[in-house]
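Going down the list, the protein sequences come from chains A and B.
Using the numbering used here, read the first sequence as starting at 1 and increasing by one per residue.
Using the numbering used here, read the second sequence as starting at 1 and increasing by one per residue.
Be aware that a few hints might be false.
As the list claims (entries may be wrong) - With beta-carbon atoms standing in for the labels, derived distance ranges:
(1) Leu29/A x Asp475/B: 37 to 47 Å
(2) Arg77/B x Arg99/A: 38 to 48 Å
(3) Glu167/A x Ala320/B: 51 to 61 Å
(4) Gly173/A x Ala431/B: 30 to 40 Å
(5) Asp102/B x Leu125/A: 25 to 35 Å
(6) Leu125/A x Arg492/B: 44 to 54 Å
(7) Glu172/A x Ala104/B: 41 to 51 Å
What the hints assert, rightly or not - Just so you have them, the derived chain B footprint on chain A, three or more residues with Cβ under 8 Å:
(8) 56 to 70
(9) 104 to 115
(10) 120 to 134
(11) 187 to 199
(12) 239 to 253
No lab work stands behind these hints: they were computed from the structure.
Note that the coordinates shown come from a computational prediction; the quantities given were computed from them, not determined experimentally.
For every residue, glycine included, the Cβ atom is placed at its ideal position computed from N, Cα and C.
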Amino acid sequence: MRVALFVTCVNDALYPGTGIAVVRLLERLGVTVDFPAAQSCCGQAVYNTGYRYETEPLVRRTARAFEGYRYVVTPSGSCAAMVREQYPRIGRRAAAEGRGGELAELAAGLAPRVYELTEFLVDVLGVTDVGAYFPHRVAYHPSCHGLRALGLGDRPRRLLAAVRGLELRELEGAEECCGFGGTFALKNPDVSVAMGVDKVRAVGASGADVLCGGDNSCLAHLGGLLDRRGQAVRAVHLAEVLAATEERPWPGTLRERGSRW
Amino acid sequence: MAGDVARTGVTVVSGAFLGMPAFPEAARAAVHDATLRANLRHATRTIRDKRARAVAELADFPQLRAAGHAVKDHTLRHLDTYLLRLEAAVTAAGGTVHWAADAAEANRIVTELVLATGEREAVKVKSMATQETGLNEALAEAGIRAYETDLAELIVQLGHDRPSHILVPAIHRNRSEIRDIFRAEMGGWGRPAPEGLGDDPRELAEAARLHLREKFLRAKVGISGANFMVAETGTLVVLESEGNGRMCLTLPETLISVVGIEKVVPTFRDLEIFLQTLPRSATAERMNPYTTLWTGTTDGDGPRTFHLVLLDNGRTDTLADDVGRQALRCIRCSACLNVCPVYERAGGHAYGSVYPGPIGAILSPQLRGTASGIDASLPFASTLCGACYEVCPVGIDIPEVLVHLRERIVQGGPVTRAGARVRIRPARGHAAERAAVRAARLLLDRPTALHTAERLLARARRLRHLPGPGRAWTDTRALPAVPAEPFRDWWRREREPQR
Ligand code: SF4
Numbered sequence: 001m002r003v004a005l006f007v008t009c010v011n012d013a014l015y016p017g018t019g020i021a022v023v024r025l026l027e028r029l030g031v032t033v034d035f036p037a038a039q040s041c042c043g044q045a046v047y048n049t050g051y052r053y054e055t056e057p058l059v060r061r062t063a064r065a066f067e068g069y070r071y072v073v074t075p076s077g078s079c080a081a082m083v084r085e086q087y088p089r090i091g092r093r094a095a096a097e098g099r100g101g102e103l104a105e106l107a108a109g110l111a112p113r114v115y116e117l118t119e120f121l122v123d124v125l126g127v128t129d130v131g132a133y134f135p136h137r138v139a140y141h142p143s144c145h146g147l148r149a150l151g152l153g154d155r156p157r158r159l160l161a162a163v164r165g166l167e168l169r170e171l172e173g174a175e176e177c178c179g180f181g182g183t184f185a186l187k188n189p190d191v192s193v194a195m196g197v198d199k200v201r202a203v204g205a206s207g208a209d210v211l212c213g214g215d216n217s218c219l220a221h222l223g224g225l226l227d228r229r230g231q232a233v234r235a236v237h238l239a240e241v242l243a244a245t246e247e248r249p250w251p252g253t254l255r256e257r258g259s260r261w
Numbered sequence: 001m002a003g004d005v006a007r008t009g010v011t012v013v014s015g016a017f018l019g020m021p022a023f024p025e026a027a028r029a030a031v032h033d034a035t036l037r038a039n040l041r042h043a044t045r046t047i048r049d050k051r052a053r054a055v056a057e058l059a060d061f062p063q064l065r066a067a068g069h070a071v072k073d074h075t076l077r078h079l080d081t082y083l084l085r086l087e088a089a090v091t092a093a094g095g096t097v098h099w100a101a102d103a104a105e106a107n108r109i110v111t112e113l114v115l116a117t118g119e120r121e122a123v124k125v126k127s128m129a130t131q132e133t134g135l136n137e138a139l140a141e142a143g144i145r146a147y148e149t150d151l152a153e154l155i156v157q158l159g160h161d162r163p164s165h166i167l168v169p170a171i172h173r174n175r176s177e178i179r180d181i182f183r184a185e186m187g188g189w190g191r192p193a194p195e196g197l198g199d200d201p202r203e204l205a206e207a208a209r210l211h212l213r214e215k216f217l218r219a220k221v222g223i224s225g226a227n228f229m230v231a232e233t234g235t236l237v238v239l240e241s242e243g244n245g246r247m248c249l250t251l252p253e254t255l256i257s258v259v260g261i262e263k264v265v266p267t268f269r270d271l272e273i274f275l276q277t278l279p280r281s282a283t284a285e286r287m288n289p290y291t292t293l294w295t296g297t298t299d300g301d302g303p304r305t306f307h308l309v310l311l312d313n314g315r316t317d318t319l320a321d322d323v324g325r326q327a328l329r330c331i332r333c334s335a336c337l338n339v340c341p342v343y344e345r346a347g348g349h350a351y352g353s354v355y356p357g358p359i360g361a362i363l364s365p366q367l368r369g370t371a372s373g374i375d376a377s378l379p380f381a382s383t384l385c386g387a388c389y390e391v392c393p394v395g396i397d398i399p400e401v402l403v404h405l406r407e408r409i410v411q412g413g414p415v416t417r418a419g420a421r422v423r424i425r426p427a428r429g430h431a432a433e434r435a436a437v438r439a440a441r442l443l444l445d446r447p448t449a450l451h452t453a454e455r456l457l458a459r460a461r462r463l464r465h466l467p468g469p470g471r472a473w474t475d476t477r478a479l480p481a482v483p484a485e486p487f488r489d490w491w492r493r494e495r496e497p498q499r
């Protein structure tokens with residue numbers, strides 16, 4: 001099976017380790033991974049801040065970049081939700097404004113082929129035990145778009161539960177938003193931080209030494225708070241947890257491993 | 001107090017980055033007020049869990065939600081027809097219908113109606129529409145005292161305070177604060193608080209009961225809103241928990257109801273849906289204790305005179321917007337407030353409107369327009385987490401409307417104001433942001449340029465504090481470590497050669 005990796009701009013620039021983890025994980029499961037270089041950003045932050053017109057070229061670019069792939073896999077619940085929920089909406093509005101049906105067609109063509117990583121693993125590949133090894137106490141934060149827009153349900157937790165050495169800890173108020181919210185974090189910093197602090201307190205109370213999630217943007221916000229507060233908890237993307245094995249253990253956070261992978 | 005809210009709302013403007021002054025600044029004080037945070041956290045979390053249980057009891061709740069959604073959409077699409085039908089039915093049943101285009105007109109009508117009775121007092125049932133129009137202040141200017149009789153509304157009125165929640169306007173107050181308000185203020189409005197009043201909820205309720213009883217028995221004029229109006233029969237419906245509403249709706253000689261035009265439903269049978277979804281979503285009750293229905297006037301039973309004031313006040317304009325109009329489906333249950341993590345921390349006052357929380361963030365900027373600082377900031381007062389949409393019993397996609405209104409603010413576009421289609425210009429204060437978004441988009445649409453930028457970023461790895469708008473991040477949060485190379489470079493080095 002051949003899939004296209006939609007790594008997302010945040011992961012490309014700031015969390016290459018997550019992209020690499022997806023490549024290694026999928027290859028380990030017998031999947032051939034392509035990385036179409038024409039991809040860039042899904043436009044989520046631009047769109048959610050109100051710039052729909054500026055988002056349209058990115059819809060076009062993303063749809064074209066993944067043309068011809070039956071499966072487009074992304075390690076981001078919110079980017080998957082952007083493509084699946086908002087792209088068709090953006091296309092419909094462009095058509096309603098009398099600017100033709102091209103965007104709507106591109107969006108409709110791409111949306112059903114995009115899979116968030118855990119959906120692809122559980123629904124398409126049909127696996128929950130991916131053969132991973134990760135000897136840590138882990139709390140899982142289900143980011144809002146994965147939870148409510150995509151309806152990922154217990155897929156991530158089932159995958160984590162099958163990881164050897166991993167102890168899954170209960171996170172109180174897990175379903176509550178972490179307060180990141182894209183440009184919300186900059187426009188409403190006080191509320192954003194108040195929400196984030198409540199979340200990292202709950203993480204502290206869970207006894208976990210790793211906070212795991214499916215969206216690195218939320219993890220950047222929470223990781224930044226954990227760091228400033230001096231909490232000894234590391235924020236790690238789910239893909240990196242699932243990619244780790246006994247032979248090739250998780251290399252640590254970027255800060256710990258320096259530039260090496 | 002509603003008038004005050006609107007006034008302060010427009011004045012709060014200053015120069016936070018991204019043209020975002022009002023809500024963020026109003027929220028800041030609340031976030032750092034420990035008592036308020038504790039009150040709100042306790043109150044919203046308790047009701048949140050109860051609501052979830054009450055809703056889960058009904059196996060067909062999703063169908064009821066879809067039905068409520070459909071009935072409301074249908075009614076809104078044919079609003080003119082149903083309003084005329086309602087007017088005919090109310091008139092035939094002995095009531096008088098008045099049409100108010102805006103708040104000032106509604107207040108004028110009600111004031112004249114009260115003055116015509118010769119009375120200078122009225123008792124009030126909790127009503128969002130009259131909060132919205134600032135009726136109490138308008139009546140006070142005409143020398144008429146309006147007494148709030150809902151317990152929480154009474155606390156707000158006695159405390160010279162503003163409501164901070166749709167259903168529980170005094171949610172920001174705790175028991176001991178309420179006791180202090182009762183002790184200090186009740187005497188000025190009527191029967192004083194009993195000697196040595198404590199803060200036991202039963203004691204507080206009894207104090208309110210005694211204070212209100214004399215008002216019910218004396219009042220000749222009652223003022224209310226309504227949860228629903230049935231076009232077919234001309235019946236109005238009020239749902240409540242305390243019984244004060246039943247008193248106000250039955251004891252006075254004259255009853256005046258001010259109701260938003262979107263509250264109409266076509267048939268009596270439609271109530272079947274909302275009488276199930278509203279109480280469970282609002283107070284987590286299977287059925288609210290008091291449901292009062294009245295149709296015009298009945299000889300020898302209840303008020304002899306009944307006036308219905310139908311309030312537009314921006315609703316027709318809102319109806320003209322194909323995305324924003326779904327906000328008019330709202331049945332004011334408050335479920336979206338109770339689950340909202342932003343509301344829980346910012347409190348209701350930060351929204352600068354009688355409609356706080358997620359529904360307020362999409363309703364106020366539509367009813368009032370987006371010209372003021374507060375109204376232009378409300379659509380951004382959300383992380384788009386979607387918890388509100390999930391619980392809304394009429395399926396209002398609040399995140400969708402929020403993004404739509406953000407668009408209207410930063411891009412400008414067509415909008416209907418006072419019945420006329422106009423094009424509004426992008427809001428001031430977003431120019432720098434607009435330029436940044438444009439630059440980012442140009443970069444993101446050119447992977448080669450993006451790649452160069454990523455490499456530059458990799459070279460600037462030691463950044464700890466960002467300048468300008470980025471400070472909002474680095475003041476409180478560490479930045480993620482920047483990798484030595486972007487993913488693209490790893491792929492090119494490690495995987496490309498194999499192909
Ligand atoms: S928007 Fe929905 S959840 Fe919020 S108050 Fe209105 S009906 Fe209730």
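These are the hints, each one checked on the structure:
no.: 1; hint: Leu29/A x Asp475/B: 37 to 47 Å; result: holds (42 Å)
no.: 2; hint: Arg77/B x Arg99/A: 38 to 48 Å; result: violated (26 Å)
no.: 3; hint: Glu167/A x Ala320/B: 51 to 61 Å; result: holds (56 Å)
no.: 4; hint: Gly173/A x Ala431/B: 30 to 40 Å; result: holds (39 Å)
no.: 5; hint: Asp102/B x Leu125/A: 25 to 35 Å; result: violated (60 Å)
no.: 6; hint: Leu125/A x Arg492/B: 44 to 54 Å; result: violated (27 Å)
no.: 7; hint: Glu172/A x Ala104/B: 41 to 51 Å; result: holds (49 Å)
no.: 8; hint: 56 to 70; result: holds (count 3)
no.: 9; hint: 104 to 115; result: violated (count 0)
no.: 10; hint: 120 to 134; result: violated (count 0)
no.: 11; hint: 187 to 199; result: holds (count 10)
no.: 12; hint: 239 to 253; result: violated (count 1)
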